[in-house]
Amino acid sequence: MKLKYFLICFFAIIVSMNVSYKYFVRFTEVSSYLWYENRHKKLNFYAEVLVLGDSQLLSGISAATIAELESISPEKVVFMVRPSEQPEGMLDQYLTYKSSFPNLRKIYLNLSPISLSKNSVTDAHKELFFSFGTLQMHQLTDSFLRKAYFSNNHDLLWKILIEVFPYLGLNQNFSSLFGIVPSSATILGEEMNYSDHFLQKTPSISIIKTRLAQNEFLKVHFESKEYWTWKDFGIEHKLGEKDSLPKGSSLAFLKKRNLSIQLIEKLKMETEADHIDIICLDLPFSPELESDITANNIRFILNDEIAKFGFKRVIRVGPKILDHSDYFTDFTHLNAKGRDALKTYLLKNKVKSI
Amino acid sequence: MSLLLAASILFNFLFGHLIQNTVNERSRKKIAVLGIVSNLLLLGFFKYTLFAVDLVIDVYSFFSNSISIWRPEILLPVGISFYTFHNISYLVEIYKKNISASKDLVTFSVYDIFFPLLLAGPIERPNSLLPQLDSNRRITKEGLYKGFSIFVWGIFLKTVIADSLAKFVDTSLSQSGNLTDGILWIIAPAFAFQVYADFSGYSNCARGLAYVMGFQLMNNFQRPFFATNPVQFWQKWHISLSSWLRDYVYIPLGGNRSGFLKQNFNILIVWILGGLWHGATYGYLVWGIYLGFCIVIYNLFKKFLIPSNNLILEPILKYTGLFLTFFSFSFGLLLFRVSNSEVLVIYIKNIFSFSAETLQWSFVILYFLPILIFDYWQEKLNTKETDWRLKEMPIIFWSVFFFGFLIFCLLSPFAKQEFFYFQF
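Chains as they are written, first to last, in the working numbering: chain A, 1 to 354; chain B, 1001 to 1424.
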C-alpha cells in the first residue's frame, strides 16, 4: 500500500469529473442548465451595457430592446441574467466580470419583491450558486457577499469541495433521480403526479429524457437569442383562466431582507466608483399577482426601497401597462406577446424614461 | 445529560476498584451485583419507565378499568444503551478477575465513551479496549490505509445504499393499506439490506476511525446474509451485542448445560431482553420473542428432523437454510412497523399473495448488489473482518474507490438521514 495509489486515484477522480462534467450537465433541470450556460458565456470585450436580473428579465426583455433604448448595436449588450438571481448574485457577477468589460458604462438590473425579500428564491439562489457558481476571492473579502454565501466555514468548505469535485454540484440534480421512490412531489423542477396512497417509482428515465430534450432546445435557442420565454420549449404557455392564484400568495415577499438592500447599495457604490450608471427595471407580474401584492402593501414597500437606492434611472412599468393574463406565461414571467408589449411601451417612452 | 454521563463514569470507576479491593468473596459479589443493578436501573429509568407506565395503563384498560397515571417527559441520553453495557461488562470482568480495574479515570472514561462507538457500538469489551488504551499505540501507515479503506466503505454503505433504501422502505410501509400483493417479498429484503448497510456502515466507520488512531475494535458483522441458520446468523450479525448477551445473560442463566428444554427457555429469555434492548415498545418485545422462537424452532428441527452428515441433503439444506434464515429475519424486521393487529394481518396476507405488478419492483435488488458482491468476495476469502487485501491486490480497492466516489458524489442523497441504530 503506497501513497502513490492514493494520489493517482484522487487525480484520476478529479480529472474524470472535470472531463465528463459537461456531458452530465445536459441532464440537469432548466435553472441549473441556464446557470451553467451563463458561466460559459462568451464575453464581448467591447460590451457597453450589462444586464443583470432573474428569469423575469430573461423572459421579459431582449438585448435588441435594450440596444434600441441605448441606441447601440445589440452585440454591445451583455446578458448575464440567471434564474433565481438575487442581489448577491448581481454584485458577484459585476465584480467578477467588470474587468472583462473595460468599456462598460451602464448596468440594467431588475428588482422585484422577490429580490428584496427573504423567500424561497433566496435559498434557491444560494443552492444554484454553490452548484454552478464560481468561487472568487471577492466573495470572501466582501463582507456582504461573505455573509450571503459563506456565513459559516461549513459553507465555504462545501463550495471548495464542489470546485474540486464538480460532481458534488450536480448531486441535487441526480440524487433525487436515483431514489427508488420520489422523495417529494417535485424533483427539481419536475412536477410529479405523486400520491401518498400508491407506491410509485421515480420516473428517472422519462425525467432524464425530458431534461435532455429541453436543454438541447435551449442550447440551439441561445445560439441566436439571449432572451427566452420561460418554460417555452417550442410550445408557448399562456396563463390560463384556470390558473388561479391563492389569495395571500404575495405574503411570501413581505419579509424584508436587509442583506439584499445592503448588497444593492454596495453594488451602487462599486459602480459609482467605476463611473457606471445603473438603470433599474421594475417590471410587473401578472395582474392577479400584482393585485395580491398591492393588497398586501408590498408594492409600496418596494417602491420606497428602490427610491432610497438613488439609481440613475428607474423604469417602472406599472401593472396597468401589462394588464392582461395573455401577456404572461405564468404569474411572474412575460410571454412573447408580453415581451412585445413591453418593448413597444419602453420604446414609446424612451425619451421620457432615459 | 453530561452530568449523568460523568456520574456514571465516576460510579463505575469507583465500583471497579471497590470490587477489586474487596477480599471477602461474598462482599465482592454483593458489590458487583449492586454495581450491575445500579447500571440496569439507570438504563431502565431512562429507557423503560414510559414503557412500564404504558404497560400498566394497558393492563388496567384490558380489564375495563381506566387509570390515570402521570406520564413523565424523559429524554433518552445519547448512547446510554451502549455505555451501560460497557460498564456492566467492565464490572463483571473485574469480578471474574479477568481484568484489573483501570488505574486512570481518564483511560476509563475513554473506554466508556470512546467517541467512534458511543452512538451505535460495537459494544467493546474491557479485556480488549482497556489494554489498548493503556499501551503505547503506534499510528502506522498500514493502520491509516486500512482504517481509510474500512471507513470509506462504511460511508458508501450508509449514504448510497442505506439512505436510498430507507426512503423506499419508509414510503412503502407508510401505506400499508395499499400495498401491491406480494410486495413485502421485496420490501422486507430491502428493509434488511437497509438496516445492514446502515448499521454495518456505522460500525465500519467506527472501526475505520479507530484503526486510523491505532485502535482495533471488534468486528460487528461478518456476512450475516450468508448464514444458513438463525444461530449462525446471530454469530454474524451485531456480533458485539449477541456475544455480550451470550456471555453475560445466556451462559449465567445456564446456557445449554441444563438440558434441551432449559436451553431453549434461556434462548427465549435472551432474545426477549435483546428485543427490549433495541427499544421499549411492544413491537420490539414481539420482535425479540419472534427471534427467540426462530432459534427455538431451528433447534427443534436440528434435534429431531434434520439428519446429520447426509451428503445428498446437505446442499439442499444449506440453500434452504440460507433462504429461510434471510427471509425470517427480513420479515421479522417488519414487526418494527406493526402499529396494530390490523397492520399485522395486512402484512401476513400480503406475504401469502402475489401480483404480477410486484415484479416491476424487482429492480430494487440492484441496490443490494454492491453489498452482495462484496460479501461474496469476502466469503470466498474467508476474512474475519472487512479486508480489501490492500497489500496483495491494491488495484481492487482503488478501482472500487474510484467508481464508488464518482457514484457517491453524483447520486448519494446528502439530505441527512439519521443512522438507524441511533434510536437504540
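By construction, these hints were calculated from the structure, which means they are not laboratory data. Hints should not be assumed to be uniformly reliable.
[Claimed, not checked] What the simulated footprint calls covered on chain A by chain B, stretch by stretch (three residues with Cβ under 8 Å from a Cβ of chain B suffice, anywhere in the stretch; the number is not a length): (1) 117-125; (2) 160-170.
[Unchecked claim] Chain A side only, calculated, beta carbon under 7 Å to chain B, not exhaustive: (3) Tyr5; (4) Cys9; (5) Phe174; (6) Phe178; (7) Gly179; (8) Ile180; (9) Val181; (10) Leu199; (11) Asn303.
Ideal Cβ placement from N, Cα and C applies to all residues, glycine included.
If any of the earlier hints don't hold here, list their numbers in rising order. 1, 11
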